[in-house]
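Participant: Top to bottom, those sequences are chains A and B. Be aware that the first sequence starts at 3, since it is given in the working numbering, and climbs by one per residue. Be aware that the second sequence starts at 579, since it is given in the working numbering, and climbs by one per residue.
Source of the hints: derived by calculation from the structure; they are not laboratory data. On a predicted model such as this, the values are computed, not experimentally measured, just so you know. It cannot be assumed that every hint is accurate.
[Stated by the list, open to error] Sample of chain B residues facing chain A (criterion: CB under 10 Å; computed from the structure): (1) 607; (2) 610; (3) 613; (4) 614; (5) 615; (6) 617; (7) 619; (8) 621; (9) 622; (10) 623; (11) 624; (12) 625; (13) 626; (14) 630; (15) 653; (16) 655.
Heads up, the beta-carbon is just placed ideally off N, CA and C, and yes, glycines get one too.
Residue-level listing of the chains:
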Amino acid sequence: MATESSYDNVPRLVDHLFRHETGKLVAVLTRIFGPHHLELAEDVVQDTLLEAINVWNYKGIPEHPIPWLYKVAKNKALNIVNREKYKREYATAAAHLLKSEWTANAALETLFSESEIRDDQLRMMFTCCHPAISGDSQVALTLKTLCGFSLSEIARAFLTTEENINKRLVRARQKIREEKISFEVPQPEHLEDRLDAVLQTIYLLFNEGYNASTGPYLIRYELCAEAIRLTEIISVSSSIVDKSKVFACLALMYLNASRFSARQNAQGEIVTMAEQDRSQWDKLLMAKGFAYLDQAATNKNISVYHILAAISAYHCSAANFASTDWNSILLLYDKLSELDRSPLVALNRAIALSKVSGPETAIAELEKLKDLSPLKSYHLYYSTLGEFYMQAGRFTEAKNALTTAIALSQLPAEQELLRKRLEICNQNGA
Amino acid sequence: MKEFLLIVRTEGEVWTMLPPDKLRQHIEHGTAYIEKLVQQGKIKSAQPLDRGSRIVTKNDGLVKDAPFNETKEVIAGYFLVVADSIEEAVAIAKDNPIFDDIPSTIEVHPIKPIPASA
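Using the sequences and the hints, build the whole thing.
Facilitator: So this is what it looks like as C-alpha cells:
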C-alpha cells in the first residue's frame, strides 16, 4: 500500500538508486535498437522510470523494484521493434530475434542477463569514446548514457550550463549517426588504441571529480566512483586480453580515492598533502589500489597509469609527509616526462625536485617553463612557484606569484588557501 | 562457422490433438530449447509459419498457384542456425523437443556461403 512518505521517496529513489540501472538499460536497448537510435534508447528508459514513479506513487514501491523496471523496459523494447511502422529500422541481430514468437522471450532473457548487460556497457564505452566524437562530448555522453547522470548534474560537475551540455550530447549523437559508429568491442587490431581512448576519457572523468574543489561534494565523489565502476567493468571483460593498463588505471584511481576525504576539512577548505591527517586515508580503498598495482605489473609495457599509480603508492605508503620517498618519486617523474612531455608533468616533477634538491633548483626548473601554455595562465603553476619562493625565503617574489595564482583561480576554497599563504609572506616583510 | 536452414515439418492437426497440459509442457520444453540456443548464439533466426500457405507451379507453360494441403503436412517453422559442421547442425535438430510430443521431421540444409571474392 502507498504510504504518505512514498510520495516523497519515489522520485528520489527512482532518480538516484536507479542511476546504474538507467545506464545498464540504455546500453541493452542501444544494442537492440542500434547506436543510431541511442536517443530512443534513452527516451525508453526515461519512460520506464516515469512509469515507475506513477505506478509506485499509486501502489507503493514493489518488493523487487529492479526486476519490475526491467520487465517494463523489456515490454517497451518488444513493442517498439514490433511496431509495424519501424520494423525495418531496427535491423540489429538482437532486434531480429525479438520479432519472432519463437525467439522473442528467449532473446529478452538473454539480452537482459547480467553478463550481456556488462558486455553492453563495455560496448557503450567504446561507442561513447569513439575518436570521431570530441573529448568534451565523450565525457558528457559517457556520464549521460552509462552513468545515468541528468543534464543538470553533468552541468554542475563541469561548472557549465545545461544548455551547453545538451549541445555536446546532441553533437555526439549526431556523430554516431553520421559516422555509423558501431556498438561493439573493436577488432583486435584496433583494440589497443580504442581502449586507450576509453581509459583516457574515464581518467578525465575521475580527475574532474578529484581535482575540482567546488560544486557539490556528492557529485564530485560520484564522478570518481563512476570512473572506477566503469574501469572495473573493463577489467572483468573476456574480450580484452592485455589488461595491464586497465589494472594500472584502477590502481591509480583507488590509491588517489583513498585520500579523498582527507583533502578537505570540515569548513570545506583544501588540506595539502603535507597537512593531511593520514589516519583519515581509506585503508580499504588503498588496499584495493595496491592489489591492482600488483596485477598491473604482469606486463613489461609501462604506461602513464603505471607510473602515476606508483607515485601515488609512494605517497600512500609513507607514514608521514616527512618520510615520503621523494628520490623514488622523482625517478618516476623522470620516466613520466619521457612518455608525456606536457608542461603539467614538468610542473609536478618540479615539486618532487624541490624535495630532493631544494627549492632553488626547483625554481630554476619552473622559471624555464614560464612561457609555455597552459602553464602561463594556470593558477597551480603560480601557487607552486610561490610555495618554492617561500621555502627559499624569497617572500616578495612569493607574494607576486601567489597574487597571480589568486587572480587565476576560480575556486573559492583554493583562493582561501592561497590568501593564507600570502598572509605569511606579508608577515615576513614582503 | 556455417549456416544451416532447419525446416520443421509436422501434420496440420497434431497441435489440436494435444491435451492442454501436454501442450503447455510442449511449449515449455520448446522455450527452454530455444533459450539455450539463443544463449549459445547458435540461432540467427527462428520463426513459426502461419496458416494460408500457397504453392506455385508451372505446368504446360502456365504458372498456377494452389493452396498447400495443410491438413496432411505443414511446415511448422524454420530455424536458421550457425554451426561448425553438418553434424553439429544435425545434433541441434535432434535436440528439438518437438520429437517427444508430435510426429515431426526436421530437414537440415547447409546454406551455401557467398564465395570469397579473389
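Participant: It remains to establish, for every hint, whether it holds in the given structure.
Facilitator: Comparing the hints with the structure gives:
no.: 1; hint: 607; verdict: violated (13 Å)
no.: 2; hint: 610; verdict: holds (9 Å)
no.: 3; hint: 613; verdict: holds (4 Å)
no.: 4; hint: 614; verdict: holds (8 Å)
no.: 5; hint: 615; verdict: holds (8 Å)
no.: 6; hint: 617; verdict: holds (5 Å)
no.: 7; hint: 619; verdict: holds (9 Å)
no.: 8; hint: 621; verdict: holds (6 Å)
no.: 9; hint: 622; verdict: holds (7 Å)
no.: 10; hint: 623; verdict: holds (6 Å)
no.: 11; hint: 624; verdict: holds (5 Å)
no.: 12; hint: 625; verdict: holds (4 Å)
no.: 13; hint: 626; verdict: holds (6 Å)
no.: 14; hint: 630; verdict: violated (16 Å)
no.: 15; hint: 653; verdict: violated (13 Å)
no.: 16; hint: 655; verdict: holds (6 Å)
Going through the hint list in order, the structure does not satisfy hints 1, 14 and 15.
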